[in-house]
Amino acid sequence: MIIESLFNMIISLFQTLLNWVNISSLPDSLITSVHDTLTNIINFSKGLINLAMPYAIAVILGTIVLVIEGVFLIYSLVMWILRKIPVVSIE
Amino acid sequence: MQQWTTIYNTYDTAPSIVYSQPLNSITTPSSSVQYELFLKSKSVASANIYAGHTYKLSFDVKGDFSKCNLQIFTCLNGRWNSQNGQGVTELGSVYSNMSNFTTFSASFVPSQLYSSGSVTTIYIGLQFLQQSSGSTTLYIRNISLIDTDDDAGFWSTLWNKLNDIMSYLNGVLTNIQNGFSNLASWLSNVKDGIVNGLSTVLNNVKTAITNAISGIQQWFIDLKDNIINGLKALFIPSDGYFSGKMTEMDTWLTAHFGALYQGPQLGVEFVRQIFNFTPNDNFTITVPNYEFDFLGEHYVLFSGGSLSFAFVNDSEHPLHNFYVFYRAFVTIILFFMFFAYLKNKYLQIFNNGVGVDDS
Chain A
9 MIIESLFNMI
19 ISLFQTLLNW
29 VNISSLPDSL
39 ITSVHDTLTN
49 IINFSKGLIN
59 LAMPYAIAVI
69 LGTIVLVIEG
79 VFLIYSLVMW
89 ILRKIPVVSI
99 E
Chain B
3 MQQWTTIYNT
13 YDTAPSIVYS
23 QPLNSITTPS
33 SSVQYELFLK
43 SKSVASANIY
53 AGHTYKLSFD
63 VKGDFSKCNL
73 QIFTCLNGRW
83 NSQNGQGVTE
93 LGSVYSNMSN
103 FTTFSASFVP
113 SQLYSSGSVT
123 TIYIGLQFLQ
133 QSSGSTTLYI
143 RNISLIDTDD
153 DAGFWSTLWN
163 KLNDIMSYLN
173 GVLTNIQNGF
183 SNLASWLSNV
193 KDGIVNGLST
203 VLNNVKTAIT
213 NAISGIQQWF
223 IDLKDNIING
233 LKALFIPSDG
243 YFSGKMTEMD
253 TWLTAHFGAL
263 YQGPQLGVEF
273 VRQIFNFTPN
283 DNFTITVPNY
293 EFDFLGEHYV
303 LFSGGSLSFA
313 FVNDSEHPLH
323 NFYVFYRAFV
333 TIILFFMFFA
343 YLKNKYLQIF
353 NNGVGVDDS
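Chains A and B supply the protein sequences, listed in that same order. What the first sequence shows, in our numbering, is residues 9 to 99, in sequence order. What the second sequence shows, in our numbering, is residues 3 to 361, in sequence order.
No lab work stands behind these hints: they were computed from the structure. One should not assume that every hint holds.
Unchecked claim - In silico DSS-like pairs for lysine-lysine, Cα to Cα no more than 30 Å straight-line:
1) A:Lys54 <-> B:Lys345
2) A:Lys92 <-> B:Lys58
3) B:Lys58 <-> B:Lys163
4) A:Lys92 <-> B:Lys163
Start from the sequences and build out the full structure, keeping to the hints where you can.
Right under this line is the structure:
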């Protein structure tokens, strides 16, 4: 209940603050064209990667690397903030 | 030895009789007639009459008359025939005034004719002729029939008496023993009742205590579960909360951020395509067309097509073994790279980057 309330409050605050934003969407034909083009490129790239290396292994290892990098990024951000606080005295 | 001690013991017990008068007392007609009475023993099936044996019949008679002619007969299996005398043994005649019980005793020997086969009934006939007028009553008691050939004699009788005494004492002892046995059984039942009662009480108390403890334990378990569920409800969102919020945010972002939000949407879609890819073993690569329109002109940079590298799976192809070796090599290299990355990341985080291989 606390988490839900916190999330609802954040979302409501976010929506309230940005409610004035009204950016129109791109034309559907453009989106479709971009989507189809990029999909074809991705499929082509996946075919090439699958030919060059084991795709499943590459995806698993790549996912792990991305997760580690993401966690490290958050860790670096937190440490950067903590270093700005003199009381904490973290070098 | 076979001894019929009693056929008709006292006039208080009435065996069946042929004549319809009560056996113990017979009222004769008032006229002076010859009158016959036949008594029949009830159960002699287990005691056969043996031909040639001498049987002693005795009984007590009392008649309220001054003078009569009393004749005693016997017959077997109802084969009574007083006319020709077959099967009839005349025991004797008495002429006396029997105001008191008088014991008569006579012996007879059954003939071969009537002793053959199974004898089931023996009849005793009393025939008397009243010689004075007026009715009278005849009383009979203590009828006994003894096979004297089987009489055991004095010592045997003594022995039999002793046996009877011993049997009686044995019966008394047996009764005493049974009494003690019953007493012991009763005491055992009392003990069992007390033990069972106490056991039942103890079990009931134990069950009550167990139920009480279980109830208290269950109360604490429920309390713990309720506390945990309450805390979980406080901190853990309900099922489907995040997916619902994601849908809500997706709708809101699409409505307010339009083109800015469509870019990330496409990015997410492409990431999903990358991860959902199922590699095929045909190694077929589809090359897309690279073409566009510009200023009313249609330009084709590259014409697409499909390239198949399925030959690498053909063991007869010269490049097959090379490709298998290449895949194995690349796989090993991938893992080496991955472990090198992990090592560098570890050093970067826990060793302040000292020792990181940047090459």
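Each hint, compared with the structure:
1. A:Lys54 <-> B:Lys345: holds, 28 Å
2. A:Lys92 <-> B:Lys58: violated, 144 Å
3. B:Lys58 <-> B:Lys163: holds, 20 Å
4. A:Lys92 <-> B:Lys163: The hint is violated at about 130 Å.
The earlier numbered hints that this structure contradicts are 2 and 4.
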